[in-house]
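K.L.:
From these two lone chains plus the hints, build me the complex, please.
Here are the chains, one letter per residue:
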Amino acid sequence: MFVVQIENLSFAYEKDLILEDINLTVEEKDFLAIIGPNGGGKSTLLKLMLGILKPKKGSIQVLGKAASKNPSHVGYVPQNTNVNTDFPIKVIEVVLMGHVGAKNPLFGYGKDEIACAMGALSQVGMQEYAQSKIGSLSGGQRQRVMIARALCAHPKILLLDEPTSSIDIKGQKEIYELLKLLNQSITIIVVSHDISVILEYANKAAHINKRLSYHDISNKKETFHTHNEGEHFCEVELLQMLGSEGCNTCEHEEESKWRETK
Amino acid sequence: MIEALSFEFIQHALIAGILVSFAAGIIGSLIVVNRMVFLAGGIAHASYGGIGLAVFFGLPIFLGASVFAVGSALLIASLTLRKRHRIDTFIGLIWAVGMAIGVIFIDLTPGYNVDMMSYLFGSILAVSTEDLYFMGTLLAVILFVMIFWYRDILAVSYDSEYAALRGVHVRFFYTLILILAALTVVVSIKVVGLILVIAMLTIPVYIAEKLSHSLFSMMFLSGLIATLFTLVGLWFSYTYNLTSGASIILISAASLGAFLLFYRGK
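Chain order of the listed sequences is W and L.
Every letter in the first sequence is one number past the one before it in our numbering, and letter 226, counting from 1, is 226.
Each number in our numbering corresponds to the 1-based position in the second sequence with 1000 added.
Same shape as in the complex, but just chain L (with noise of 0.2 Å):
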């Protein structure tokens, strides 16, 4: 184990599993207190459709999928603030026609040469340095957005109702926490897949929840939980020679069914 730091590429992949795991536990609290899981599940599948694009356009995979991860996430949030009681409908509509998209792009792109499956599973031993600096970007913006407007986003999370009647920009922040949940989903294409993401945007969460009391304290348990699971699963796929994405999220799961268990029994 020891001699497998010395390669760059699994240097990569613990400096990218850390900045992931930290953007996915600050932004996963939130989605979880907003109820906004499904909806993050529909925009990562959504984006996709980016991946498809970016892959027929010859542009780079992460800016297609942020393009169209952040695009899935004002249509939702439009739609959302117009018509809450039908969300469901559109959310199930976007990731679809999103993947359905891709799907198509794929098909038109002269010669198969992109591996998709990484996409849909993770390729966390492929993360290049133009990557890192992505991730690392997305991270200080994060915490940039969650220093400077915590307690708004707080007011709005635990009760936006209020929150608009003292003046919070309601619809501002729900737009800021939807885009945010978009680009955290691309960046965690790399690390588990996009058909993966959610389990690591809610598992480290709801585990920290139970842990928590407060919106920060919660936030940065999260990022701690998932650091660790990304690691121990990283040691896993490496030591078993398995897939990296689903050894994290399974690992993820056991610690939860685990710590359910030691929880409860107390």
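Isolated chain W, as found in the complex (with noise of 0.2 Å):
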């Protein structure tokens, strides 16, 4: 069984198509990332994994159910954690905040939620921090608190959107290396533009620029790794090597112009 299935996907706002004839299928463990340009649709596929958007057109299957059928096998983690940072809230209370099931419904939280929470505190390694103030933390410490309100559900897929986008290099690769171990049982599927990180984790890319265009990299790291220093590539440099296998949107044509000109 596909963990996430989409077929002739279709998607549009308003008028104007977001997201044209997408096909994607993310296997159990993939850890899957997703690339492209602003506006070509990524966050937007994501929110319609999650079931908070409906396809105009196709279907998308989310462990075999219809994509909003499920929302507690699927855990999220937004953009923009740093908003709202002067909020009178704990860590633990966000973290419970994920926590799916029986509900205590009166004020104050039952014993199994906080053990489910610490838990989830402790598989980032910020239980520590359970009684601060969401706001006196780091940017990429938040970004573990969000990811542990995520786990708080036991997820069978964690989507990510932008995890890394306001953290320092160091938080960045603490935070990727957090995510491939939890790939060892959740499958995972991040969008981000730092494209040079991503490969060293995903096995899976798929570039959306309006289309979509899917690459197995798991077998191409190698390549990748005997360029020059290692860790970081031009975007350019690696969208031509991702083009070269068919990626033909016109952007990359661009880019590639763009770079034999310079």
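Since the hints were derived computationally from the structure, they do not count as laboratory data.
Quick reminder that beta carbons are idealized off the backbone N, C-alpha and C, glycines included.
Hints should not be assumed to be uniformly reliable.
[Unchecked claim] The calculated lysine-lysine pairs, modelled on DSS-like cross-linking and capped at a C-alpha distance of 25 Å, are:
1. W:K90 - L:K1083
2. W:K133 - L:K1083
3. W:K210 - W:K173
[As the list claims (entries may be wrong)] The following residues of chain L were derived to be distant from chain W, with all beta-carbon distances above 12 Å:
4. L1063
5. E1130
6. Y1133
7. V1141
8. M1219
9. N1241
10. A1254
11. G1265
P.N.:
Dropping the structure here:
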């Protein structure tokens, strides 16, 4: 069974198509990176998988059901975790928000819920911060808390939208190492701009710019590693490598032309 | 000062001050964390329309103001949920139109018999027993809502998108917060008046926010701080024979200034 199965999917907010004829399958324990230009439809695709948005055409199945039918098995880490940092809320309370299932209806939280939330926090190495105010954490720590919130529901898939966009380089690496660890038991789908980092960890990549081009990059890492200093690649180079495999969106061509003239 | 406590109107003023301060502390916290301060200001001013209508039709003032304020809150809620980027325009509109309706209806009322200034700037020394019942009931309702739905309200306030994903009915809670805010504004009119109410909803909350680790402690602390300001403001107003609402607000503002100096200096 595929974890995510998207067939002939199209989507538009108003008239213009944001996503057109998307086909994508994600297998269990994949680590899929969704890359592409701003406004290319990356976050939109994520929201379709979450069931927040409904497709115009085609179908999207998550864990064998329609996307909106199983929120409890899909963990979500939204973009912009640096907003609302003045909010008076403890780390543990943020994590508890992710808990699904029987709720203690009155004031306060059940023992099992707290145990579950603490478990999620220790998975991301943040248990000692449980009683801290969320605003007192660094960007990277806050992102871990948001991952813990998603883990609190024991998801089978974890969707992350730009998880490292406002974190320093060291924090970014830590987040990806954490995701790699979680990937041993959970399927991970990450929307990201930093392609160079993602290629270290992802086994599949999907480039989205209205249309989707899909790449299995699990056996390609060696190729990348032989390339000079190792860790970082220029985006254009990477896109060209991927592009040579038939990734024919006009963006790439423009970019490579630009590179040649330079 | 002690002999003043034997007067019934002073006793009423103190009880009203405490009830309203706690309601304002709890609801003010929600308004501030949800970035709804300007919304509450709009509802406060619009409720003047309800006062005008109540005066014209000879209805109880609280009733008129409550119905009108809740109506404005519902209107704002439905507009915000549909056209979020236009919300400041709508608030400004409701703010002014509500007041204009109030002014016109008071013009139309034969024989000028009500002191309208008392609604604009408060009249805590004229709190009736019925007023106290109304305030007490509202505080009870607010406490009930908070005890019953604390987690959902916390989730909606902190991250509404995620709350929606987890099946929390964001629209319902957003509207509920606005309705409670409207009713709190109406009871605060007695204490500080509808022009000054916004300060009562924000100054204690601002101080409490800096000292709190959770929404619950922020609400509780805001209530305590608001009570303190109200009582000190009342004493000040009694001693120097000044308008009570304005005294409460200036005591609050001065305390906020002192607090910030101390807080920064630390």
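K.L.:
Quick one: which hint numbers does this structure break? Sort them smallest to largest.
P.N.:
As far as the earlier hints go, 1, 2, 3 and 8 are violated by this structure, in ascending order.
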